[in-house]
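Visitor: Need the complex rebuilt from these two chains, each delivered in its own frame; the hints are there to steer you.
Keeping their order, the protein sequence lines are chains A and B. Note that this note's numbering gives residue 89 to position 89 of the first sequence, counting from 1, and the numbers run on in steps of one. One rule links them: number in this note's numbering = place in the second sequence (from 1) + 1000.
Don't take every hint at face value.
[Said to hold, decoys possible] Straight-line Cα separation of at most 20 Å, DMTMM-like style, residue types lysine to aspartate or glutamate; simulated pairs:
| # | chain 1 | residue 1 | chain 2 | residue 2 |
| --- | --- | --- | --- | --- |
| 1 | A | K46 | B | E1233 |
| 2 | A | K2 | B | E1261 |
| 3 | B | K1083 | A | E88 |
| 4 | B | K1145 | A | D92 |
| 5 | B | K1456 | A | E40 |
| 6 | A | K2 | B | D1234 |
| 7 | A | K49 | B | E1233 |
| 8 | B | K1084 | B | E1103 |
| 9 | B | K1084 | A | D73 |
| 10 | B | K1154 | A | E40 |
| 11 | A | K49 | B | D1234 |
| 12 | B | K1084 | A | E84 |
| 13 | A | K22 | A | E40 |
| 14 | B | K1062 | B | D1080 |
| 15 | A | K46 | B | D1391 |
| 16 | B | K1084 | B | E1100 |
| 17 | B | K1084 | A | E85 |
| 18 | A | K46 | B | D1234 |
| 19 | A | K49 | A | D92 |
| 20 | A | K46 | B | E1237 |
Quick caveat, the hints were computed from the structure, so don't treat them as lab data. Just so you know, these numbers come straight off a predicted model, no measurement behind them.
Chain residues, written in single-letter form:
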Amino acid sequence: MKFTKIGNIKEEEKIDVLINGKIIKAFKGETIASTLLSNEYFAFKKNRKSSELRGPFCGMGVCFECLVTVNKDSRLQACVTQIEEGMEIEIDEPKSI
Amino acid sequence: MSPNQYDVIIIGSGLAGITAAEALVRYNLKILILDENDQIGGQILKRSLDKQGPKVISGSNKIKLSGLKKISYLKESNIDIKKKTRVVGILSGPEILVEENQERLLRYTAKIILLATGGREKFMPFKGWTLPGVISTGALQLLLKRDNIIPSGKVLIAGSGLFLYAVAHDLLANNGRITMIADQGRFTDNFQVLQFMLEQREKIKDGIKFLSKIYRSKVRIQRTSRVVEALGEDRIEEAVIARIDSNGKIVKGSERKYSTELLAIGNGFIPNIEIAQSTGCELTYDNDMSGWFVKVNQELETTVEGIFAAGEITGVAGAHKSVTEGELAGLSIVKKLGLVSEDEVLIKIRKLQKDRVKHQNFGKFFNSLAMPKIGSEDIIGDDTIICRCEDIRFGDIRQAVTNGNISAESIKKATGLGMGNCQGRTCGPIIYDILTSFFQTSAENLQPLSVRVPTKPVNLSHLAQLKKITTNTSI
Chain A
1 MKFTKIGNIK EEEKIDVLIN GKIIKAFKGE TIASTLLSNE YFAFKKNRKS SELRGPFCGM
61 GVCFECLVTV NKDSRLQACV TQIEEGMEIE IDEPKSI
Chain B
1001 MSPNQYDVII IGSGLAGITA AEALVRYNLK ILILDENDQI GGQILKRSLD KQGPKVISGS
1061 NKIKLSGLKK ISYLKESNID IKKKTRVVGI LSGPEILVEE NQERLLRYTA KIILLATGGR
1121 EKFMPFKGWT LPGVISTGAL QLLLKRDNII PSGKVLIAGS GLFLYAVAHD LLANNGRITM
1181 IADQGRFTDN FQVLQFMLEQ REKIKDGIKF LSKIYRSKVR IQRTSRVVEA LGEDRIEEAV
1241 IARIDSNGKI VKGSERKYST ELLAIGNGFI PNIEIAQSTG CELTYDNDMS GWFVKVNQEL
1301 ETTVEGIFAA GEITGVAGAH KSVTEGELAG LSIVKKLGLV SEDEVLIKIR KLQKDRVKHQ
1361 NFGKFFNSLA MPKIGSEDII GDDTIICRCE DIRFGDIRQA VTNGNISAES IKKATGLGMG
1421 NCQGRTCGPI IYDILTSFFQ TSAENLQPLS VRVPTKPVNL SHLAQLKKIT TNTSI
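Next comes chain B alone, as it looks inside the complex (with noise of 0.2 Å):
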């Protein structure tokens, strides 16, 4: 085998890669691990390279110490492991088209691929959102776990879904300061999660151990309410929180401003389907599974023979289920790969199965915290901001809807929406929620934004430099 030439090529690190390359080690295959970071582990292992991190930190302490241990252990494996390495595409072949360290470009084969590229936040916008001072939930959790650092003044907490909560239990715990949380969601939801993590007895620990941070501590907590507007010159200095009905409208008279030198927002989790959607997997759209998700059968194989699926992108649910699908993901590709016969992991595949709907349960359950409605017009007006890259705003969207643009992918042509250097990423799931709340699109109707390679902005020259692409896939 060429140097380049693989076995198994997993893309993305975090819980669900290295599961899966666990699982392969021992059948002697030639397996590489790509991902665009520069550690191995995902968002969720995201860790200080000094060793002298942050105090507590949110989210299962088992699963997180599993996942360091089979890094050490798949670093001592013969495994070739590469950080740093952004996934640009792959084309026909498989061939996999990478940037290395941003400096060039490269190509790998493999008999088969998994895709585990995880998922990223999700928003919902309001006039102000785009002001320096205004940064995700994860963001502010990552730079706390990665960087060790924390704001030095109060943060404002703002959004929908379970990981409002547990963010703020990460600055409590690390002596940070809070103005208050604004949860889109009502009060008896959090009923709902303490008889949701009942059934499910290692949630329940990690959740009443940050849910109790949280009221002793007595930061304020404002449900059914969230940020409409945010002030400010150069960086945020105010917020205007009002409650919201059940229509996502401004409930009148209850806004209140307060002032903030920085908020942090986030609407959950939705998976990132780009590498998966360019080569041709199939997606499929639901709510309550986060959106647009990559489609796959029962032992995690996509709709593109020999490439698998599995962690967020298969549908957010949280790390229990990355683990689960990694471990089945590798049963599945060393069944196809014809090194087990199926008696020999009937069994384990079935279990992993089982589990895997438990798991999808709760994230069912998770995500529907997490998305309300996207809002009204109360609170998107037509010079609100939904394409960050290319300044695309709500109005120029309402426009292009009136001109017959009804598809994501028709309102992009027509007002530049999603072609900047996110690719949409940012914008996209933003789109999906205005069609089906603003423009009455049903979701079966909705069509996701088309993805080419490159799917990361690449630089031109290391493109010059590469020097024979296959040519049967649009790039």
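Extracted from the complex, chain A is given alone in its bound form (with noise of 0.2 Å):
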């Protein structure tokens, strides 16, 4: 189960970003939230207090469940934040914990 595109894709418009490491192919103008669930990633994050795993919630902006590390330094909101080429995304992963 993943998240699939509706409509037709054209192959301009795909670029290649990281995510923890693995060269991902996302969409153009779509956000970080969309290029992971599109590739089956449903957990972002763990919970800081409890370890447990969390994954986009709200989809607005609001719960920040879908934290996620970018190029390295800046956490953020995966569901309001465009996918860029070259993007290294990092999130947390049940094998990490």
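Guide: Have a look at this one:
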């Protein structure tokens, strides 16, 4: 199960990004959350108290459950941040617990 | 006027904000619109950037088209529009503190401020609602509208209110698949919906269109039912659906497990009151008006002079009310600034005020469907997470109440609830429901959680770069 694009996909709209060091195809103009969900990542981070995995929830910049590390330093909300070519995104994975 | 000084600053570019801006354009004022999103138009007009969006999305096309037209009109006008600019507080002056592009803090001043900050979804917690793969119904719709993506597997939709059906419709119209819709409301509510829509002609077409799509698709709709638990390891695998009685308790033996890879939940909408509240605007609590909302007079001025409010923040009632209030706020503002005489705008204002009441009545009905009882202790147990950010559970709250903390604010201080990144935006509405349902607090005795500047998380280094700050507001 993952999210899939509807409509026609044009090759020139694809861009390369890094998710936890892995090269992934993303689409110009989509949010970081969209890229992650389209690649079967549903958990984005661990809760800092319980270490439970959390994923995007409100989808509109309210709940902060979708915080990801972008280009090593900033913690951004994946649901309201546009993906850009060459972005390095780091998320917490189950294995990393 | 210095570059950061404006006559009118509009916070929020949803339907209320852009309609107000449109009404103000011709008066030759210096106007600024601020929005935290990377698009103008608010949640309702969120759209894909490549114009090859999803086929059908529920909601009034007429309203949406006119909204998009307003946006292109404003872009051509001399109004300043700033996207990706998040207001983090209004200090005295009034001086608006914003974080621009997540890069730096800036200050703007205005003679008049219009708050058009919109609304967000409300939720009723259950065990496992924090599992990855449990998302809000609004998020599901936004991913479809904004990012053109749809789940490849089946989705279980659960919660209350008409929006469940709007999202179900949008999924089906774009070849999505649905396991079932678990609606906390009763079957008879649907007749009430239709009856109500008959009185509101503009809404009837949309309503019938989306309900008939769902009925034709033969998606299972189970009423007076809700999710009582979500199960899974690192991601949702199963949801337990049970029937509930009129007290919000599980009907014994009615629990059924459904395997699902995605669970979309939502219980109506509430206003984004935080910026208004931090500025000192008085709030009112009324469950029929979606909980806490900003108190305004007939001309939409808040209790703070010079600060107006329009749209969902004055009580959730949907798109039509936002448009009406946007226009009303625009006229009230030019009247306040002395640019028109009372006589010139009186008839128009009266008409808008009348429309507003009509839309408010729809809102009350809409909200009443979305807000059944939050549940009982067989659904919300001691280990159920209430505050997602700080991992505060129902048991922590019960303990705090037992220790004498009977207000939301003292529970916050005792447990740390609402002190995380979202600053109580998600758990705040839940705690008011918990206080009234579980601990017999009357609505009149409820107090809102306090809000302080910065009202959204700000990078400390950005704050440090800000040279001078007005200090007579708590920061």
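Visitor: Any of the earlier hints contradicted here, and which numbers?
Guide: Hint check: 3, 4, 5, 14 fail, others pass.
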